[in-house]
Amino acid sequence: MSRFLETFWWLIVAGIAAAAVALKTFLSKTERGRTLRDRVLLRLPVIGPMNRKMAVARFSRTLGTLLESGVPLLASLEIVRNIVGNSLISDAIRRAGNDVREGQSLSAPLARSGLFPAIAVEMISVGEQSGNLEPMLYRIADAYEKEVESSITMLTSLLEPVMILVMGLVVGFIVVSILLPIFEMNQLVR
Numbered sequence: 001m002s003r004f005l006e007t008f009w010w011l012i013v014a015g016i017a018a019a020a021v022a023l024k025t026f027l028s029k030t031e032r033g034r035t036l037r038d039r040v041l042l043r044l045p046v047i048g049p050m051n052r053k054m055a056v057a058r059f060s061r062t063l064g065t066l067l068e069s070g071v072p073l074l075a076s077l078e079i080v081r082n083i084v085g086n087s088l089i090s091d092a093i094r095r096a097g098n099d100v101r102e103g104q105s106l107s108a109p110l111a112r113s114g115l116f117p118a119i120a121v122e123m124i125s126v127g128e129q130s131g132n133l134e135p136m137l138y139r140i141a142d143a144y145e146k147e148v149e150s151s152i153t154m155l156t157s158l159l160e161p162v163m164i165l166v167m168g169l170v171v172g173f174i175v176v177s178i179l180l181p182i183f184e185m186n187q188l189v190r
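Under this note's numbering, the first residue of the sequence shown is numbered 1, with each subsequent residue one higher.
Note that these hints are calculated values from the structure, not bench results. Owing to the predicted nature of the structure, the values given are computational and were not obtained by experimental measurement. We put the beta carbon where it would ideally sit given N, CA and C, even for glycine. Some hints here could point you the wrong way.
As the list claims (entries may be wrong) - Heads up, simulated DSSO-like pairs for lysine-lysine below, C-alpha to C-alpha not over 27 Å straight-line:
#	residue 1	residue 2
1	K146	K29
2	K53	K24
3	K53	K29
What the hints assert, rightly or not - Here are the simulated distance ranges between beta carbons:
#	residue 1	residue 2	range
4	S157	F8	21 to 29 Å
5	L155	N186	43 to 51 Å
6	I79	E6	53 to 61 Å
7	L44	R101	29 to 37 Å
8	V100	V21	39 to 47 Å
9	E6	S28	15 to 23 Å
10	D142	W10	49 to 57 Å
Working from the sequences, and respecting the hints, build out all of it.
Shown next, in the form of structure tokens:
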């Protein structure tokens, strides 16, 4: 086995590099790959909720701006669909656009998708019923942007001690690997 590794190490490195490039291409260039990547991203413990909140904030802010500028709802949904950055949420927005085209409200298909938080869907529903959808979308965006910001701040404050510990272990390993041979040579001299 070690003889094989000595002889064909370059082939193994090239195979790993080719597999990494193929995986990256699959996850970013194909529809199935993007869907799989986005599904996994939404299910990750800490990153998933943040990713969902960022997409909902982006959706709300952009849709509110477009509607306030006089762009029709269906055209706005088509534009927003390409901005959210998540293929699953984008697909839910596409389905919502189709349902709106058939006469339904915007909030009902978003609720059915299960991808939008219940509070955001409820606020959109209230905005639709009161005729003040744009301000409600801005409130949703503001709330989720603040939540994402506080999550990032909390995550950063949790990662700082871990990074310091890892750096301490690396420095300790380097110090031990330098000093150990010196101590061994000192023992040989005695």
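Going through the hints against the structure:
Restraint check: the Cα-Cα separation between K146 and K29 comes to about 32 Å, which exceeds 27 Å; the hinted pair is violated. At most 27 Å may separate the alpha-carbon atoms for a hinted pair to count; K53 and K24 meet this at roughly 25 Å. Restraint check: the Cα-Cα separation between K53 and K29 comes to about 24 Å, which is no more than 27 Å; the hinted pair holds. Taken as a hint, the range 21 to 29 Å is violated for the pair S157 and F8, whose Cβ atoms sit roughly 46 Å apart.
One distance hint, 43 to 51 Å for the beta-carbon pair L155 and N186, holds here, with the actual separation near 46 Å. A hinted range of 53 to 61 Å for the beta carbons of I79 and E6 is consistent with their spacing of about 57 Å. Taken as a hint, the range 29 to 37 Å holds for the pair L44 and R101, whose Cβ atoms sit roughly 34 Å apart. Between V100 and V21 the beta carbon distance is about 41 Å. The supplied range of 39 to 47 Å therefore holds.
The hinted window of 15 to 23 Å between E6 and S28 is violated, with their beta carbons roughly 35 Å apart. Taking 49 to 57 Å as the suggested C-beta distance range, the pair D142 and W10 conforms, at roughly 54 Å.
Hints 1, 4, 9, counting from the list given before, are not met by this structure.
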